[in-house]
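Protein chains in written order, with our numbering: chain A, 382 to 835; chain B, 119 to 381.
Derived by calculation from the structure, the hints in this document are not laboratory data. No residue lacks a Cβ here, since even glycine has one placed at the ideal position from N, Cα and C.
Derived, one-sided and incomplete: chain B residues facing chain A with beta-carbon distance under 10 Å:
#1 LYS155
#2 ALA162
#3 ILE224
#4 GLU228
#5 ALA277
#6 GLY312
#7 ALA313
#8 LYS324
Derived DEER-like restraints, expressed as beta-carbon distance ranges:
#9 LYS738(A) to GLU318(B): 35 to 45 Å
#10 GLN204(B) to GLY648(A): 16 to 26 Å
#11 PHE456(A) to GLU377(B): 51 to 61 Å
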Amino acid sequence: MISNIVFIILLGITSFLFIRRIREIRSNINLGRDLDLSDNKSRRWKTMARVALGQSKMTVRPFAGIMHIFIYAGFVLINLEMLEIFIDGAFGTHRVFYPLLGSSLYHTLIGFFEILAFLVLFACVAFLIRRNIGRIQRFSGKEMTSWPKSDANIILIVESILMIVLLTMNAADSVLFSLEDAAVIAAGHNQYTNIAFTDFFWISGIIANMLPSNVETLYMIERACWWIHIVGVFGFLIYIPYSKHLHIFLAFPNTYYSRLEPIGEVGNLEAVKKEVELMMDPNQDPFAASAPDADAVPQRFGAKDVNDLSWKQLMDSYSCTECGRCTSECPANQTGKLLSPRKIMMDTRDRLEEHGKNLKSGDEDAKSLLGDYISPEELWACTTCNACVQACPVNINPLSIIVDLRRFLVMEESAAPNELNTMFTNVENNGAPWQFAQADRGNWTEEMDKTGSG
Amino acid sequence: MSESMKIPTMAEMTASGEQPEVLFWVGCMGSFDDRAKKITKAFAKLLIKSNVKFAVLGAEESCTGDPAKRAGNEFLYQMQAFANVQVLNGYEVKRIVTSCPHCFNILKNEYPELGGNYEVIHHTQFLQRLLNEGRLEVKGGSFKGKRITFHDPCYLGRANGEYEAPREVLAKLDAELTEMKRCKDRGLCCGAGGAQMFKEAEKGDKEVNVERTEDVLEVKPDIVAAGCPFCNTMMTDGVKHFNKESEIEVKDIAELIAEAADL
Ligand code: SF4
Ligand code: SF4
Chain A
382 MISNIVFIIL LGITSFLFIR RIREIRSNIN LGRDLDLSDN KSRRWKTMAR VALGQSKMTV
442 RPFAGIMHIF IYAGFVLINL EMLEIFIDGA FGTHRVFYPL LGSSLYHTLI GFFEILAFLV
502 LFACVAFLIR RNIGRIQRFS GKEMTSWPKS DANIILIVES ILMIVLLTMN AADSVLFSLE
562 DAAVIAAGHN QYTNIAFTDF FWISGIIANM LPSNVETLYM IERACWWIHI VGVFGFLIYI
622 PYSKHLHIFL AFPNTYYSRL EPIGEVGNLE AVKKEVELMM DPNQDPFAAS APDADAVPQR
682 FGAKDVNDLS WKQLMDSYSC TECGRCTSEC PANQTGKLLS PRKIMMDTRD RLEEHGKNLK
742 SGDEDAKSLL GDYISPEELW ACTTCNACVQ ACPVNINPLS IIVDLRRFLV MEESAAPNEL
802 NTMFTNVENN GAPWQFAQAD RGNWTEEMDK TGSG
Chain B
119 MSESMKIPTM AEMTASGEQP EVLFWVGCMG SFDDRAKKIT KAFAKLLIKS NVKFAVLGAE
179 ESCTGDPAKR AGNEFLYQMQ AFANVQVLNG YEVKRIVTSC PHCFNILKNE YPELGGNYEV
239 IHHTQFLQRL LNEGRLEVKG GSFKGKRITF HDPCYLGRAN GEYEAPREVL AKLDAELTEM
299 KRCKDRGLCC GAGGAQMFKE AEKGDKEVNV ERTEDVLEVK PDIVAAGCPF CNTMMTDGVK
359 HFNKESEIEV KDIAELIAEA ADL
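One chain only, chain A, in its complex shape (with noise of 0.2 Å):
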């Protein structure tokens, strides 16, 4: 009675955490500007189930691919399992499906449950000593700091001994269920005699074979694994909102709001669409036009801190895993340059988190995302090649963030490298990005005629 009493404060506790940290990433994402991703419905869901559901991009590497796999697909279906943990939490049941399933099925759901369980166990021991022992050079690289390093190692540690206390109670579980009915009523454990398999479960048959037979023993083996297991889930859950493994929900909604236009397009500017419209219209009256909303705020061009960029580049940024496929495949990131694609969502991320809180409390710093945080001659170095774009297996786009902070740097600061401007002043009076005439632009077709061959 009183475990159950502690289980559902536990969960109350959890479910509050939880919520409300979520509601509050949520109206972090809503400071973004709109942007109408309504369109195209069923292309969205399929983009969805190929890349985060289907895991598409993540196979580009094998070895992690799989990996990965065994465990996110431990983790969707174990839930199936948790689902039973819930109710018998809540009720004092005990393993409350089995009467529903019968003996054999569900021997067979658990073992296939273990067999998830030793994968991910597996996989999480492998993706430790790769990223701990192993020298792979995307898990280093200056955003990735004492946090998210072990933000990393965190989450792969409590998942490891959340699969291993899974696997010790089930054990522990079927030995009190081979005992004979007498002894275990005896001390008082009637839960136990109801339940009855030919064999132990498929796994943790190897652990229960070397457990011991006293009953008090095995019960608190089991009750101990239960507990274990049940807080290091909802630890778990109130911890994943803090940390880059957000990423296992938003995956879902982030590659359903991917961009479906080519990925060379960028867009052309809505707000300076307009202005170039009145510029170039020869009967539109300059001063007549910007009469009816003169009190509105004019848009920056551009984007200077978090809220003058979308909320899907916002959404992105909170699913970004930190992988560093991104940054691993930039060609500028390759060449010693300062840029890291995977710094630059990392960045937006901290910076929204910092002015969401400032929001709340209501005292503004001075700061934004641009300066503060990311440096000109970060943005200034990219090819705008679209690598990070490609590589990243959720569908973020660190591109489009670079891009808007260099239109404002460029358009509201006319902060461009020097280069830069005379190139813009090369293509603005001649027609190209260098100093050429434009009336000589065809010279090559007499050039073709004159010595026949070019």
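Chain B with the ligands: place on chain A using the hints.
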């Protein structure tokens, strides 16, 4: 080759009441850069040889605005786009072929929203069609035994998903095609995009084109095939950096096909 080499401008063609099958958008690099002009001419010769009725804009062509856009100068880009769309629509242009993937990408993807709707084709795609339709024939003989590797331009490949057309065209040369370890959607950039071509690289420990040329050297090709005048320049410089210019040539696909067609 004789007077048949005369390439008409849109203005001339319209004046004589004709419409071209396709407009050849040459681009700034293809119009002014000495190396890139060779690509332009090679492609023009292939069009002539295939009896394609085409025209150029000549002095009426202007920068698409791509370098300005990627550098963040959306204003300048849209001004350029506005003017170009007026010219193109004025001539009722329907199809455009271009040998520059940056022009290709921006004309195809960004111009429609600004009122410029055309069928935009990259020159490697156009060559693929000409070859498939039998309008152009090449004999691969002179390339037999040569190793060729294709460097994917970011704005043709990743940006627009075109990996096959250039490879299919190259296959006509009967050469040995070999892929670099990073190719297609994982191909490494040459380092010129995003307006980098027009500025010094930011501080780092290497130039991007040098990094890319290391990929090239690994597969020991005789020829690096390019599909972009910017890549062409970057890769040529990269090969020079390693003093390999006597062993490795950097050529545009149009130049290779023109050579195979004895032009
Ligand atoms: S688009 Fe820019 S940030 Fe992304 S990989 Fe290329 S150079 Fe790096
Ligand atoms: S942006 Fe994508 S590829 Fe880059 S670190 Fe984040 S999740 Fe990984």
